[in-house]
Amino acid sequence: MIPRSAPAGSPGAGSLLPEALTARIERRLPPGRSPALTPRLFAALVVGKAAGAVTRRLGRGGGTSLPGMLARRIDPDILDNVVRAAGMPVVVITGSNGKTTTGRFAAALLRAEGIAVGNNAAGANLVQGVTSLAVRYADLRGRLPEGVLVAEVDEGALRQVVPELAPRAVLVLDLFRDQLDRFGELHAVADAIESVARSLPSEAAWIVNADDPLVASLAPERAGRRVTFGFELDRSTDRITRAADTIRCPRCRSELVYSHVYLSHMGAYGCPGCGLTRPPIDVAVTALNSAGIGETRLTVRLPSTELELRVPQSGVHIAYDVAAALAVLVGLGIDPVHAPAAFAAVGPAFGRLELVQAGDRRIILGFVKNPTSYNTTLRALASEGEPRQLLIAASNTSVDGEDFAWLWDVDFESAAPRVERVTVSGTRADELANRLKYAGVDPSVITIVAERRAALEAALAGVEPGGRLTILAGYTPTIELREEMRHHGWVGRLWEA
Amino acid sequence: MAERCPASPFPPLRIAHLYSSLLNVAGDGGNVIAVERRLGWRGIPVEIVPVELGQTPDLATFDMVFIQGGQDVEMAVAARDLQCKAPSLREAADQGVVIFAVCAGLQLLGHRYIPSVGVAMEGIGVLDLETRGGPQRFMQHAACEVRFGDQTETVVGFENHSGLTELGPAARPFGRVVAGAGNNGADRTEGAVRDNVYATYFHGPVLPKNPWLTDQLIRIALERKVGGRIDLPPIDDALEHRAHGVALTKALRNRGRRTALEPARLVRGEPKTA
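Chains A and B supply the protein sequences, listed in that same order. All letters in the first sequence, in the order written, are residues 1 to 497 by my numbering. All letters in the second sequence, in the order written, are residues 498 to 771 by my numbering.
Be aware that a few hints might be false.
[Stated by the list, open to error] A partial selection of chain A residues facing chain B, derived with a Cβ cut-off under 10 Å:
no., residue
1, 80
2, 84
3, 403
4, 408
5, 413
[Unchecked claim] Chain B residues, not near chain A, derived (Cβ > 12 Å throughout):
no., residue
6, 509
7, 523
8, 611
9, 648
10, 717
11, 725
12, 728
[Claimed, not checked] Incomplete in silico selection of chain A near chain B, CB under 7 Å:
no., residue
13, 406
14, 409
15, 430
16, 431
17, 433
To be clear, the hints were calculated from the coordinates, so they are not data collected in a lab. Glycine included, every Cβ here is placed at the ideal spot set by N, Cα and C.
Given the sequences, and given the hints that come with them, work out the whole structure.
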């Protein structure tokens, strides 16, 4: 059931791989074994698959969490049996920002090399979502097809999920202050990731962002395979702002000195206190050209080669995701020979500055969830003179969190002068509207419309034909607004995106 | 030493923002934004000076001083540095400078913070209070009643702390808990006050959605500066009141519960609090 796509650039090749490549994959990634099929596992698979099929047919959220939840209720060991015990090769992607995009990139790269991939592309990254992934791709005997599972896993779910997956590679993208009310403090998240690192066998690849001081210094004593990625640009692409989390040395707490700042607290750093330096970079972005919304051009140096890439997505963060995905292939020992073609075909994940044609108007849909994702999105929009007509939404749900204090760390101030009209929606519209007022948006251009359908209508009504509406929204409101757009036929279903 | 003031009814207000990058954890920088904007909307000039590690300006020359929340590691760094700023900060407090402290700021203005594990951090004793690490984290919307002169209003915010604070006789509570845990989840006190030093556990950030409180702090700082009574021109606070109302509803809905949220899933095996 895992879609097996042809190697990019070899039309009509079907699923037949060049023999040399097949041999290489089998050497690196031996296929999984069949799990012991117990009645309980069988029942869990049947119920999970049925739930997935029914919810997909009903259009209820794409069946991303429910199948896993039901299947685990019947057989709590389902993930462990189907994935770990069967020896299925798994890549775990975690971190605060970029999990979904990086997962899509890694999946595209693997598929381009002729490797079948299952991945939780819709961003369902808690234990239920990861279980859904296994339920969906396994057959009724619990056998997964030959290939790789690329699983994005929420930082908070790592400790539970990783032992059941026994991943071949764990990628840590970055650590930002994301949903602090849920995780307590950033360092607790770091501790959780560190304990996962220690539990990994030494042959598993530990892939970390060299530019994020906290991530790069995780589990220093771990012996085993490590791959680093980062930027080697001779200019800064950001400056230290309010949203920067880790600007102190994770080892001695001295203030770090940056020769270049690339994105929030990520950059080329050193510690004057204890001499901590950025580790050598295995997969390095050496040139970067962001051409507004829609395209990024970059050069990436791998241990074996150098790649010139064009990616149809925008923002400095995209370059980190590109490098991270390439580092996954390096970690698995696979040459990303078809990388340029693979990246060229990966459009934005749902809501990551997705361009939507809405009748005679266009929508730029930006999914934002913390100060850093907001700031990177606002910066990408600024290069296009946006946002002018804005629909902005925040809701407190168990996914989006309860405390929206972090909105005050977002640099709305720099966007405020461009905003001509803004519709504020979601269950925390009040907090957002007040934040925008204090950022310098004139209250007379702020309209609060809590209900999403009315908000979308009101926001679009203010846009001239041919004009653009920018939408910035948290996880739940993005899904809800996208659902509205789907009713209009402007976008496909979420899990088709 | 208080600065000599011009005769204008609204002289420029000088604000020291202590550890603006180190202690900035829960959007508390919004408190400074709120004061800055509400002064700006009224045409009152304002100068905001970040005061970071190693810097020891004369804090008594400022009109307002902000010291806000931070994570434990950052707080430990600030605690050591604060000892160097302590004489200046004590003098500022004695002279009636408006000092506004949140969470870690509150704890560090007290005598000491004794965590459940690890070594105690010495505070600077500007406020007569002491804090001990508690067994659980209070994370919830909260509300308290705050009194300035003959006015009492409800102040709303978001708590996120595990410290249990006890006030000594020389500090009075900033507010009386209506919903939430306040200083310790037991005696219904929230925050602490002495002279013009105001300390609270409320994040949110607290000032943008409590414009009444913000204006009280501004008024006190201005009145002290000009040496007479000041009536601040009113501002259309419709959006602020709306944000306040929603936060109050959330706080009241949580009343009687220890936490509004699931316990952090990172800490497995801990007893669930309902």
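Here is what the structure says about each hint:
Contact between residue 80/A and chain B, as hinted, is not supported at the beta carbon level, the nearest pair being about 17 Å apart and thus beyond 10 Å. Checking residue 84/A against chain B: minimum C-beta separation of about 19 Å lies over 10 Å; hint violated. Taking 10 Å as the C-beta contact cut-off toward chain B, the hint placing residue 403/A at the interface holds, the least distance being around 5 Å. Proximity of residue 408/A to chain B holds as hinted, the smallest CB-CB distance being about 3 Å (cut-off 10 Å).
Checking residue 413/A against chain B by beta carbon gives a least distance of about 8 Å; that is within 10 Å, so the hint holds. The beta carbon of residue 509/B sits about 20 Å from the closest Cβ of chain A, which is more than 12 Å, so the claim that it is off the interface holds. The beta carbon of residue 523/B is not kept farther than 12 Å from every beta carbon of chain A, the shortest such distance being approximately 4 Å. Here residue 611/B stays apart from chain A, with its beta-carbon at least about 18 Å from theirs, past the 12 Å limit.
With a cut of 12 Å on Cβ distances, residue 648/B stays outside the contact zone with chain A, its closest approach being about 22 Å. For residue 717/B, the requirement that its beta carbon stay farther than 12 Å from each beta carbon of chain A is met, with the minimum near 21 Å. With a cut of 12 Å on Cβ distances, residue 725/B stays outside the contact zone with chain A, its closest approach being about 29 Å. At roughly 23 Å, the least C-beta separation between residue 728/B and chain A is larger than 12 Å, which holds for a residue marked as non-interface.
Among the interface hints, the one on residue 406/A holds; its C-beta lies about 5 Å from the nearest C-beta in chain B, closer than the 7 Å criterion. Among the interface hints, the one on residue 409/A holds; its C-beta lies about 5 Å from the nearest C-beta in chain B, closer than the 7 Å criterion. With its C-beta approaching chain B no nearer than about 4 Å, residue 430/A sits inside the 7 Å limit, and its interface hint holds. Annotation: residue 431/A was flagged as interfacial toward chain B, and the flag holds, the nearest CB pair being 6 Å apart, inside 7 Å.
Interface restraint check: residue 433/A against chain B, minimum CB-CB distance 5 Å, threshold 7 Å, status holds.
Going through the hint list in order, the structure does not satisfy hints 1, 2 and 7.
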